[in-house]
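Go ahead and model the full structure; you've got the sequences and the hints to work with.
Read top to bottom, the protein sequences are chains W and Y. Mapping the first sequence onto the working numbering, position 460 (from 1) lands on 460, and the numbers just tick up by one. Mapping the second sequence onto the working numbering, position 104 (from 1) lands on 104, and the numbers just tick up by one.
Do not take every clue at face value.
Treat identical chains as interchangeable: a pair holds within one or across any two.
Pairs of lysine to any residue, SDA-like flavour, derived with a Cα cap of 25 Å [as the list claims (entries may be wrong)]:
#1 K282 with Q214
#2 K251 with A373
#3 K280 with S246
#4 K100 with A279
#5 K239 with K282
Because the hints were derived from the structure by calculation, they are not lab data. Everything numeric in this text was worked out from a predicted model, so none of it was measured.
Protein chains: 2
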Amino acid sequence: MSNEEYDVVIIGAGISGLSSARYILSKDPHLNIVILEASDRVGGRTLTVPLKTENGTDDWDLGAHWIGRSQTHIMELLEELGIETHQQYVTGKKYLQVGKDNSVRSYTSDIPTLSLLGLLDLDRIMKKIDSLAKEIDQQNPTNHRRGHELDSITMETYLNQNMWMSESKELMEVAIRGVIGVELSQVSILYFLTYVSAAGGLKNLVESTPYTAQEYTLKGGCHQISIKMAKELGESRIKYNEPVVSISQNKNIATVKCESGNIYQCKKVILAIPPNQIAKLKIEPRLPVVKRELYKHMPMANYAKVLLTYKKVYWRESGCSGEVVTNGGPSSNTKCKYGPLCLVFDDTSANGNPALVAFVAGQQLVEWRQLEANERKESVLKCLSQFFGDDVYKYIDYAEKDWEEEPYVGGAPVCCVAPGAMKYYASGLREPDGCIHLAGTESASIWTGYMSGAVQAGTRAAIQVLLDLRPQTVSAQDLKNNNKPFINPSK
Amino acid sequence: MSNEEYDVVIIGAGISGLSSARYILSKDPHLNIVILEASDRVGGRTLTVPLKTENGTDDWDLGAHWIGRSQTHIMELLEELGIETHQQYVTGKKYLQVGKDNSVRSYTSDIPTLSLLGLLDLDRIMKKIDSLAKEIDQQNPTNHRRGHELDSITMETYLNQNMWMSESKELMEVAIRGVIGVELSQVSILYFLTYVSAAGGLKNLVESTPYTAQEYTLKGGCHQISIKMAKELGESRIKYNEPVVSISQNKNIATVKCESGNIYQCKKVILAIPPNQIAKLKIEPRLPVVKRELYKHMPMANYAKVLLTYKKVYWRESGCSGEVVTNGGPSSNTKCKYGPLCLVFDDTSANGNPALVAFVAGQQLVEWRQLEANERKESVLKCLSQFFGDDVYKYIDYAEKDWEEEPYVGGAPVCCVAPGAMKYYASGLREPDGCIHLAGTESASIWTGYMSGAVQAGTRAAIQVLLDLRPQTVSAQDLKNNNKPFINPSK
Numbered sequence: 001m002s003n004e005e006y007d008v009v010i011i012g013a014g015i016s017g018l019s020s021a022r023y024i025l026s027k028d029p030h031l032n033i034v035i036l037e038a039s040d041r042v043g044g045r046t047l048t049v050p051l052k053t054e055n056g057t058d059d060w061d062l063g064a065h066w067i068g069r070s071q072t073h074i075m076e077l078l079e080e081l082g083i084e085t086h087q088q089y090v091t092g093k094k095y096l097q098v099g100k101d102n103s104v105r106s107y108t109s110d111i112p113t114l115s116l117l118g119l120l121d122l123d124r125i126m127k128k129i130d131s132l133a134k135e136i137d138q139q140n141p142t143n144h145r146r147g148h149e150l151d152s153i154t155m156e157t158y159l160n161q162n163m164w165m166s167e168s169k170e171l172m173e174v175a176i177r178g179v180i181g182v183e184l185s186q187v188s189i190l191y192f193l194t195y196v197s198a199a200g201g202l203k204n205l206v207e208s209t210p211y212t213a214q215e216y217t218l219k220g221g222c223h224q225i226s227i228k229m230a231k232e233l234g235e236s237r238i239k240y241n242e243p244v245v246s247i248s249q250n251k252n253i254a255t256v257k258c259e260s261g262n263i264y265q266c267k268k269v270i271l272a273i274p275p276n277q278i279a280k281l282k283i284e285p286r287l288p289v290v291k292r293e294l295y296k297h298m299p300m301a302n303y304a305k306v307l308l309t310y311k312k313v314y315w316r317e318s319g320c321s322g323e324v325v326t327n328g329g330p331s332s333n334t335k336c337k338y339g340p341l342c343l344v345f346d347d348t349s350a351n352g353n354p355a356l357v358a359f360v361a362g363q364q365l366v367e368w369r370q371l372e373a374n375e376r377k378e379s380v381l382k383c384l385s386q387f388f389g390d391d392v393y394k395y396i397d398y399a400e401k402d403w404e405e406e407p408y409v410g411g412a413p414v415c416c417v418a419p420g421a422m423k424y425y426a427s428g429l430r431e432p433d434g435c436i437h438l439a440g441t442e443s444a445s446i447w448t449g450y451m452s453g454a455v456q457a458g459t460r461a462a463i464q465v466l467l468d469l470r471p472q473t474v475s476a477q478d479l480k481n482n483n484k485p486f487i488n489p490s491k
Numbered sequence: 001m002s003n004e005e006y007d008v009v010i011i012g013a014g015i016s017g018l019s020s021a022r023y024i025l026s027k028d029p030h031l032n033i034v035i036l037e038a039s040d041r042v043g044g045r046t047l048t049v050p051l052k053t054e055n056g057t058d059d060w061d062l063g064a065h066w067i068g069r070s071q072t073h074i075m076e077l078l079e080e081l082g083i084e085t086h087q088q089y090v091t092g093k094k095y096l097q098v099g100k101d102n103s104v105r106s107y108t109s110d111i112p113t114l115s116l117l118g119l120l121d122l123d124r125i126m127k128k129i130d131s132l133a134k135e136i137d138q139q140n141p142t143n144h145r146r147g148h149e150l151d152s153i154t155m156e157t158y159l160n161q162n163m164w165m166s167e168s169k170e171l172m173e174v175a176i177r178g179v180i181g182v183e184l185s186q187v188s189i190l191y192f193l194t195y196v197s198a199a200g201g202l203k204n205l206v207e208s209t210p211y212t213a214q215e216y217t218l219k220g221g222c223h224q225i226s227i228k229m230a231k232e233l234g235e236s237r238i239k240y241n242e243p244v245v246s247i248s249q250n251k252n253i254a255t256v257k258c259e260s261g262n263i264y265q266c267k268k269v270i271l272a273i274p275p276n277q278i279a280k281l282k283i284e285p286r287l288p289v290v291k292r293e294l295y296k297h298m299p300m301a302n303y304a305k306v307l308l309t310y311k312k313v314y315w316r317e318s319g320c321s322g323e324v325v326t327n328g329g330p331s332s333n334t335k336c337k338y339g340p341l342c343l344v345f346d347d348t349s350a351n352g353n354p355a356l357v358a359f360v361a362g363q364q365l366v367e368w369r370q371l372e373a374n375e376r377k378e379s380v381l382k383c384l385s386q387f388f389g390d391d392v393y394k395y396i397d398y399a400e401k402d403w404e405e406e407p408y409v410g411g412a413p414v415c416c417v418a419p420g421a422m423k424y425y426a427s428g429l430r431e432p433d434g435c436i437h438l439a440g441t442e443s444a445s446i447w448t449g450y451m452s453g454a455v456q457a458g459t460r461a462a463i464q465v466l467l468d469l470r471p472q473t474v475s476a477q478d479l480k481n482n483n484k485p486f487i488n489p490s491k
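Okay, here's the thing in structure tokens:
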């Protein structure tokens, strides 16, 4: 059992925590920083794994997946780390499966195949959401003129009140499941508006067009972002398998105790872990009331990914982009209500190795999770075959990752806010409490829930820490950079 | 560090856990039972403390407070333990404070002073809620014909959709805050209907008339229920200051590890702690998916009590019952939006020592909690003075208890279910998982959230355990008794 002293202890070696460390050291390399990671690896909610291909193996992402040019914070980091992007393949037919009959329709534009009324309905709701989202103040979402009202209704209620057609509503439902991994009934519409606002608009969240969230994958995968940062920082700064149990603070000193018995004393702590994990720590004195209250109402969403590698890009050969938006269709397994998938994309690697990536989220994941491994795979293949035929069964490799199984994460992509708690949102997530600062993508004000948000939040926490420990190193420009506006020339 | 073996390890020495132990031993006194309690006392969410009176001290409840004759499980237990009841004083004027002008109105019947339309509105919504609640199947609430719909809307949405008048809606809001400690926006209406159903009707929850939940206090307080059970069981069976860290189970053996390092091996574990506390334990293999998912959506409510003792029952002298239902009125403290109180009752002890009990709940408690101790007291007195004048300041003793501060409880009266999670409710709360059984008032199917529910759930868990360990001791009548129907001759 060791007892060490540091300037800054960062808890969590995901993109956010590592960004914090990197930023602080860029301003003062003499500051003594340690990063405590509960698991045996860096990367948090990113994970890149090798999968079999026709002639060997290649790397694919089982966690965070895409970036886009409007995500300035991650774009800059990628440039600094020398990581290249790879355009998401979007050419060709897309499939849509919604409606009571679960019929599969194809379309080629960005506009799904719905009835004219359905399209009008969809266009109208997207404009409504964007228009409200534009009015949201990230620093105080409930300050909106309809703040209390919007936080007291679920997303489901909001869509029921504002949409006419069941097919377009179902499309929205699938999109929300695909974007934040929750059911419409579980989340406050004000939270969703705040999430949309942080992304600069709803289309940025749901499309794969230029500048949106699904514009590029990364050559070599997203895990390398953290791996490269860790290497740059020096592996000796990171303590693996070191879950934190408690933090106590007293004036300007914080004491971090780990399950191992190791103790780390420091001037500053940065919590770069999701709120559901912060809630498990014993913190003395207790965190402020609003933080405690917020975390009670922030369950982690349900999100899993499935990767399948193939010999041929057979979907492209029949003119398909590989993109599917689906309610899952009828389930092939009697234990599930629907087929498991909500979104499918072409995930052919930068090296040209064909692959599909599919998402299982929300209640469909809760059901799918309870199946046996062979049943899970079978139901994914059955669901995929609705769109791409029997070719789907000719996969070379199959991998799945349900983030709820990660003991120190508990789900993906984000902890969402249930109704009635948004009044605690910004101060609960971002305000420091004495020596304790908060990072993590949930606490981002730009691209919350994304890797870019992880960087922005990590940098913001680093700036807060520097303003206390090394104020002379922080310039007005640094603060401005952290709150960079969206870049989206297409608008 | 000890390593001991038992037949049954019960975690939590509240009314539920102690009822489990008592029931099991009543069937087979040779079963070897230990009760692990994280705090230094029995009683869970009950706590009776001595307060100063004119001529010495007397005992009052700072936790669970009332019982009623329709609560058959606790009534029987009280009889067996020889604990006497004391009728709640309800004679005289009552006060109601709702509406934009926060005006204080008085009334003497059970029917609050509202406009005629307001009364019709209130009557109508109460009938609607009762009528829906009657249709709820405790074993599967989402099986209701409107199950999904009702679980996708907050209580606030439901009342907005079904009430006409803001004053009657506000009265409902105050009542919900007073009954379950949450804001209307934070809870699924289906959860509330299930809660009402478990109490046999809305009036049973909100009134102080015969057979309702506020019919009697207990002579000597509620804490003695657990103290007497503990004495009967033998203090040696209870391990205090023994917080559990992890449970692992392997076939028919469970291993319970404590913060102290002590290890308890057993055939059965009964978790008699609230879901928010279960969620903090490391359990291997993990609890079933539906339990994990449910607990993510079950934040503990916010509930505090304030006790004031007096020389004289001055409110009775001016014809008042002491009962107040209030939105809190304008706050006397700029940090709070409203005055802190929602409900006030006469709490004169069975020995005739005058007292008032007042409740602070929901968002008002979140605000009040952040004040300094003197500010908290000042705002309570100011709020009370709106109804009872300056006499309120002549208190002999003042005590308050905010249950959120209890580290192994985290709030009161219950963990409520946020929208979108009721599909996991009954199986999540009551079905055993291998060696692990679940008690605690949250898991009750009759009088959920009340002491009676704690007994019913504790007994149900005990019956489950006995059916596995000593099946010959359980009769059909035992099962029937555990599901006793409501007794309410007034209906």
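Going through the hints against the structure:
Taking identical chains as interchangeable, the C-alpha atoms of K282 and Q214 are never at most 25 Å apart, the minima being 38 Å within one chain and 36 Å between chains. Taking the closest pair of Cα atoms, K251 and A373 come within 25 Å of each other only across two copies (22 Å); inside a single copy the shortest separation is 51 Å, beyond that limit. Taking CA atoms no more than 25 Å apart as the test, K280 paired with S246 passes in both settings, with 9 Å inside one copy and 14 Å between copies. In this assembly of identical chains, the alpha carbons of K100 and A279 never lie at most 25 Å apart, being 40 Å within a copy and 37 Å across copies at closest.
Taking the closest pair of Cα atoms, K239 and K282 come within 25 Å of each other both inside a single copy (20 Å) and across two copies (22 Å).
When held up to the earlier numbered hints, the structure conflicts with 1, 4 and fits the remainder.
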